[in-house]
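> Each chain, letter by letter, is given below.
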Amino acid sequence: MFRDPAPALQLSGLTKRYDDGTLALEDFNLEIHSGAFFGLLGPNGAGKTTLISAVCNLLRITEGEVLVFGEPHDTLKARSWVGLAEQDINLDRFLTVRETLEYHGGYFGMDKDEIEGRAEEMIQAFGLTSKRDVRAPKLSGGQRRRLLLARALMHRPRLVILDEPTAGVDFELRQELWAYIRQLHSEGTTILLTTHYLDEAEFLCEEIALIRDGHLIARDSADGLREHFGVTRLEDVYVKAMAS
Amino acid sequence: MTGLVWLCKRETLRVSKLWTQTVLAPVVSSMLFILVFGLSLGGRIKHVGDVDYEVFIVPGLITMGMVQAAFANNASTIFQARFDRYINDVMSAPMRSWHMTFGYTIGGIVRALAIGVSLLVLAVVLVNVPIEHPFELALAISLGLVLFASLGLVVGIYAETWDHTSFIQNIVILPLTFVGGVFYSIDILPSPWQELSHVNPVFYLVNSVRYGFLGESDVSIWLSLAVTAALAIPAYAWAQHLFTTGKRLKS
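Protein sequence lines correspond, in order, to chains A and B.
When we follow my numbering, the leftmost residue of the first sequence carries the number 1, and every step to the right adds one.
When we follow my numbering, the leftmost residue of the second sequence carries the number 1001, and every step to the right adds one.
Honestly, the hints are just simulated from the structure, not real lab data.
Here a beta-carbon is modelled for each residue, glycine too, at the ideal position from N, C-alpha and C.
Mixed in with the good hints there might be a few duds.
Claimed, not checked - Pairs of lysine-lysine residues, derived as PhoX-like cross-links and limited to a Cα-Cα distance of at most 25 angstroms, are as follows:
(1) B:Lys1009 / A:Lys131
(2) A:Lys77 / A:Lys131
(3) A:Lys138 / B:Lys1250
Said to hold, decoys possible - Anything over 10 angstroms on all C-beta distances counts as not near chain A; from chain B, calculated:
(4) Asp1089
(5) Phe1102
(6) Glu1160
Said to hold, decoys possible - Here chain A is said to cover these stretches of chain B; the calculated rule only asks that three of the stretch's residues, wherever they fall, bring their Cβ under 8 angstroms from a Cβ of chain A:
(7) 1081-1087
(8) 1093-1099
(9) 1211-1220
Can you build the whole structure from these sequences, using the hints too?
This is the structure we're talking about:
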């Protein structure tokens, strides 16, 4: 499998202070190698979504640098390499399932023939065939979550960012999404996953970073973290890391 | 450029999917104005200058319908996209900021043109309105639509609630349009209302469109076009600035 020599994601001195003065990230440094399955764990308000938004050009960075496969994150090339499934359902209410995927492909520069084929592929892969002409607000919660993930993958991104993709979904769908994400990773896609579910992080991620109050607390494999914190369960690692 | 084309398509699709709301309703209300004001009042006010009253009001009503649609469409499309956060799909895409500004501007312009053309066809059938200066008419309408479509974007970007967008529409744009000479020539106004009309930017737009249709205007066509252009260019630049900097669009 081809591995890009440049890191999939490189954050250097990343700082974000919001207009109300909240410091969400401070001098944050992180490097994720190409092809990794990387988990980001931390409590609400730790800075996970801020970090993701910074990578995806959804916020104004106060200081620092973000490189995606060696390219500054705000270049057109870098943008086309990233796919984001946000935590909240943010689907265009005027578009059907099929249109949601097609328009996303269009925004990301895919050509028309490629768009049609890929949209059909995504619709089938995510079990949305019977809903292809249904508008997003008429879908069930699980179908919306699937469409969100399908949209993120539509343009074949090299780096897929999943912000709590299984939050609030039932057991069956969670298993389905896990299977799809693992398959995607096995094909060489780099994945950055944020989650509150420790079992999810342990099951899926090769490496896990713990963040709190905008700072990186620790990063290692699940086994490495357990060893480092001298405990046997990832829950205990989390508790110790957040209390330290 | 592919992203720009798809964003334009998306904004146009929204207008067409909601056509009863975005096109039919404004056309019906403008036609009611022509029927009620033109054909009923036309019995009492025979002429304005050399023009029949029901013909005189058509250019102003077309302008009013178009600029309100351009503003309302863009204010609501961008506010909805921010409110539901699906604007992130565009903001994170490999598109330049000018693609975003242009793409989001197009929806309002397409909607306004659909309304304008429908009204024109109906007005030709009902009151046989002429088009004396097509070039000036096209220029005036283009400038007016850029102005109000851009203002719609700016307001939709700054708005924090739906009320903010309708407030500007109902408290600023609608009154300025009504007192902008849609239904009368300012020649009939006493002082200081006649002089005050000259500080209303919509007055210049209505007059330039009226010149295009009827060949008559309360002020010079070139002054009218210059004033409209002097407002349209900074309004578009303001919208572009917001997309370039991400101000109010990115936290």
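> What are the numbers of the hints the structure violates, in ascending order?
Hint check: 2, 3, 4, 9 fail, others pass.
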